[in-house]
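Trainee: We have chain L already, so just place chain P on it with the hints.
Residue numbers (numbering that gives the first Met the number 0), protein chains in the order written: chain L, 0 to 93; chain P, 0 to 249.
There may be inaccurate statements among the hints.
[Said to hold, decoys possible] Taking lysine-lysine pairs in the DSS-like style, the calculated list, with each CA pair at most 25 Å apart, reads:
{"id": "1", "chain 1": "P", "residue 1": "215", "chain 2": "P", "residue 2": "116"}
{"id": "2", "chain 1": "P", "residue 1": "126", "chain 2": "L", "residue 2": "14"}
{"id": "3", "chain 1": "P", "residue 1": "126", "chain 2": "P", "residue 2": "193"}
{"id": "4", "chain 1": "P", "residue 1": "116", "chain 2": "P", "residue 2": "129"}
{"id": "5", "chain 1": "L", "residue 1": "14", "chain 2": "P", "residue 2": "178"}
{"id": "6", "chain 1": "P", "residue 1": "178", "chain 2": "P", "residue 2": "143"}
[As the list claims (entries may be wrong)] Selected chain L positions facing chain P (Cβ under 7 Å, derived; list incomplete):
{"id": "7", "residue": "17"}
{"id": "8", "residue": "21"}
{"id": "9", "residue": "25"}
Simulated from the structure, these hints should not be mistaken for laboratory data. A virtual CB, placed ideally from N, CA and C, is assigned to each residue, including glycine.
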Amino acid sequence: MKKEWPLWEVFVRSKNGLEHRHFGSLHAADAEMALENARDVYTRRNEGVSIWVVESKNITASNPEHNAELFEPAQDKVYRHPTFYDLPDEIKHM
Amino acid sequence: MNTNLYNYLLGIADNSLILGQRLGELCGHGPSLETDIALTNISLDLFGQVRSYYQYAAKVAGDNRDEDTIAMMRPEREYVSVLLVEQPNTDFGYVIARQFLFDVYHYMFLTELQNSKDETLAAIAKKSIKEVSYHVRFSSDWIKRLGDGTEESHARIQNAINDLWTYTDELFHQTEADKEMINEGVGVDTSKLKEQYYKHISEVLNEATLEVPDLKYFQKGGKQGVHTEHMGYILTELQYMQRAYPNMSW
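Bound conformation, chain L alone (with noise of 0.2 Å):
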């Protein structure tokens, strides 16, 4: 195709209760191709039970070069993480 069309995002959630996740991306003309194509190229082994498409210019992306100013101060903050508590060992899945 000598015109491409635009590309879209796709995010399917598998199970009922679990959240929608990003799958991956495909071309398609509009939404509701998108909607069909997503449907055949990530649900067809029975992946999915929701799909949400949204067009990838629409979303706004964090700068890569910004990473040490975003992500890094949280580092050295250990005590944001709840490790400093003694779980009694009835408690599962913490």
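Mentor: Relative to chain L, chain P alone:
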């Protein structure tokens, strides 16, 4: 063996087998990754359905035939698929037009087949119709997109519809086996679907800003095993492995 039921099953299954094979040719050659996967998905849906029919046919035959020999080892004249499904993948317009003209029929047919007195057939129909509902949606959407798209896409899809229109009437022809099965309440009386078929097709074509061809002469023969020149090539590819290595399995 119940020859009428056996032939009736082949009449249904052969259409999907040959169309599935045609779509399979597009694997890796679709116009885009997304449509390539969509079309081969449809192919796999059809092959899945076909297996149920041929397994049942093998049971009806009750001899040493199995689903593979029925599907793969018959000579051309014994395939009773309609001429429409063997038409080539000339361009994406032809692929979509062929699919659309078949899907609408297929959906109407399976809707009725769910009421068959034959429980196995009714069950296959019930299982298949979900897949076929999606096929109709896919091909109808593309008819509208191409028809109402660019000048080029409009011209191509109109051309394909005009060319393939001559094969639509055969979908409603009834063989002796068809008539017997209809009388027994097993088969679908396709003559009752014809008006609704052309009405629905015309509505979609109108919405797609396409013209409904006005044709008086229609092609036929597939249901009697008399095929177009394309069929031999399809079968050569389809049957190659079984003929080169008889009884092979994966």
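Trainee: Checked against the structure, which of the hints given earlier come out wrong?
Mentor: As far as the earlier hints go, 1, 5, 6, 7, 8 are violated by this structure, in ascending order.
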